[in-house]
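Visitor: So you can see what is in the structure, the chains are spelled out below.
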Amino acid sequence: MAEPAQNRDPETGTGANRPMLTFNGVSRRFGDLPALEDINLTIDRGNFVALVGPSGCGKTTLLNLAAGLAQPDTGTVHYDGTPLLKPNTSAGYLTQDDALLPWRDVLTNVALPLEIKGIDKATRFARAREIIRKVGLASFERHRPSELSGGMRKRVSLARTLIYKPETLLLDEPFGALDAQTRVLMQKQLLDLCREFKLTVLLVTHDIGEAIALSNRIVLLSARPGRITEVLDVPHSPDHDIFRRGQGNERLYSHIWEHLVTQATDTGSI
Amino acid sequence: MSRSGSERVTRLQVLVTQAAIVAALISGWELAPNSMLEELLWSRPSAIFAQTYLWLADGTLIRHAYATLLTVAAGMLIGGLIGIAVGLHAGASRTVARLIIGPIEALFALPKITLVPLFILWMGIGAFQHIVFTALVVFFFFFFAMYNGVRGVPAALNDTLTLAGASTAQRIVILYLPASFGWIVIATRLAMPYAFVAAVSTEVIASTSGLGHLVKGSAAVMNSAGMFSAMLALLCVSLTASVIANLAAAKSRWTL
Amino acid sequence: MSSAATKATSGQTMRAIASSPFAQQSLAVLAIVAIWQIVSGPIINSYYLSTPSAVLAQIAGWIADGSLWPHLIGTLLTTTLGFGLAAAVGIPLALIISASPFVDRVVSPFIYAAYSMPKIVLAPALILWLGIGQLPAITLSAVTAFFLIFFNFYLGLKNVPRIYTDTAALMGASRLDTALKFRLPAASAYLATGISQGLIYAFHGTLVGEMTSSNTGMGYLILFAGSKMDSTGVMAGLCVVGVLAVLLTRLLARLFRTRAPSGEQLHG
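The listed protein sequences derive, respectively, from chains B, Y and A.
Numbered by the numbering used here, the letters in the first sequence go through residues 1 to 270 in order.
Numbered by the numbering used here, the letters in the second sequence go through residues 1001 to 1256 in order.
Numbered by the numbering used here, the letters in the third sequence go through residues 2001 to 2268 in order.
Extracted from the complex, chain B is given alone in its bound form (with noise of 0.2 angstroms):
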């Protein structure tokens, strides 16, 4: 188990690695209703980390923050060093709808960001049937997205984040609405592209078992006011399986488990 985010220092991080996303005393109400409460945590470079906790803790809103889609009320945000004050362009989001525009075909749609920043039809056209490629979708460029299945229109709202080549990606429950199988297809599909790009990833999930087959670090929030209570390494044999489940990591699996359970009883969700 590593040692609480708290007492590790934001500004050096651990080792060689310059962290990527820092949070420092950051919290977020709307109103009056707290969301976030003193989130102290070091994201670094490369890492795999999963966001769980119970429903309505504050998980999307620190993904927003994350993003520069919104501000703390107190605290700061870093990316890369620099404080986060505006919307974060290096930054994919991947959230839970697919954000596709429905009048769009595939390729226009995942050509997108690129057709945004100015690059011309022929080059941004070629680099989106490249990722289109890569996430399985070659012969589907000329469809619509209500053409599609919902694992496919992920994949394609998956291309769109990837053709600009983030640094970091932001994930909001994104297979949620995927039917088991599809979702962990999904997921290995995912695991392969953060590889091939050495993205650093903040993934927001309900799904345990989906938080520890892909990150090696989970930080476990409590019910609102969101706070972190606990951050967990995972560990990983060196040949992990994405798609064998309990390998060995079934304590790690029950502890978090019992922690989502604690965290809904003790404010009378259940």
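Don't read these hints as lab results, they were simulated from the structure.
Using N, Cα and C, we set each Cβ at its ideal position, and we do this for glycine too.
Examples of chain A residues lying across from chain Y (beta carbon under 7 angstroms, computed):
hint, residue
1, Arg2105
2, Met2117
3, Pro2118
4, His2204
5, Leu2207
6, Val2208
7, Thr2212
8, Ile2222
9, Leu2223
10, Gly2226
11, Ser2231
12, Ala2245
13, Val2246
To list a few chain Y residues with every Cβ distance to chain B over 12 angstroms, as calculated:
hint, residue
14, Ser1046
15, Ile1062
16, Met1123
17, Lys1251
Cβ-Cβ distance ranges computed for the label pairs, FRET-style:
hint, chain 1, residue 1, chain 2, residue 2, range
18, A, Ile2044, B, Gly25, 53 to 63 angstroms
19, A, Leu2076, Y, Leu1025, 31 to 41 angstroms
20, A, Tyr2048, Y, Ser1027, 51 to 61 angstroms
Based on these hints, arrange chains Y and A on the given structure of chain B.
Guide: Chains Y and A in isolation, oriented as in the chain B frame:
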């Protein structure tokens, strides 16, 4: 009580009944015995037909119909464009919205016809004033359409563009306009009859041309045949315009 | 930490008050009136817009010498009568027509056709037949309101969800019982909308009638002032009508719990 009997009514039976009703009304009207005064007040179908024929031949009906149509078309175009522009701003910016929604909703609640005397004071009774008034009436439809269209865009889509670093112009072209297209189509269909009412209203109150003016002018000289003739022309023109607007709306099917 | 927190919350409260919709809208209204007062005279000839002070004085004058009341009462009375007439005809007609599919198919095209005619066009005819006065205004008001009451209720009755009529059939309910106990309650929301919109359009129709075919009422007052090029009178009349309109919509919204209009209504 048997229900199935009424369900086996055919289109033919309906049409025949309708034709019978129309025939009865027209023949009753035509054949009613009238004193001279009543003749002036009520007219009869044959007289109306004769007057219509006369006016078609000498171009009166065409001339006035054209004036009304011009007002409607110009009003729709101008009111539509301004409504879209303002609605876009209000939809995109919360502060702009809060500033202008109040006055706009207040203006919307005011019966617009009461503004006509003021408009006449400002702009006289010519085509310009008619068009401005029609544009004002039409404005609201397109304003609300655009406003709702922009505000209805899911936050996730907006965030995606923000994170990609989109400029405001890009956001409008890539997101707001396509997302509002369906609303605009609906607004066009809804606004058309209102545009006609607006145009004709200004003509009836004070004008030198247009079908509304023709109705009023005919009544003023007790030419009831002319009055009905102009009314009929107006009915035809506005029905045609509405049908065209509906067809165009149906053709431009927009699927999400 | 605590002093920073209290500073933060008091600052937030100030911001909350200043950015509340009511405050911003009131500010907007005040700003408009202020601009109006400043602009009219030096920048825009007061012929066009008059000034808030002159308009207020005019309204006060009307109230003082009692000349406002006949017109105001005339408008309100005509609106009520027109609405009553429209409801008396529209509600039964909706019930009758929607009850029989055959009658519906035969008659509704005629009603739709009549609806597409701008009602104001009837005004010259009404003058011809009824003379100048409030009678044409009442008629116009009634005709305008009729369509709204009729269509809303008619559509509500026609679109009763099948689940209700099927349930009634399974219970063996008679035609009358089905109509009274299932269709009517299901359509009551539509009737409420029809009445609400009908009142608003009775008001509109009244003003239209007064402006085109009467010699009394707020509509006539505005038209008369306009014909004398009296912008003060016109603006004063508009202010009174505006207040009436806002009061009416607010009252109806409260009674029927409808939201502010969003541009989708039947035309008049």
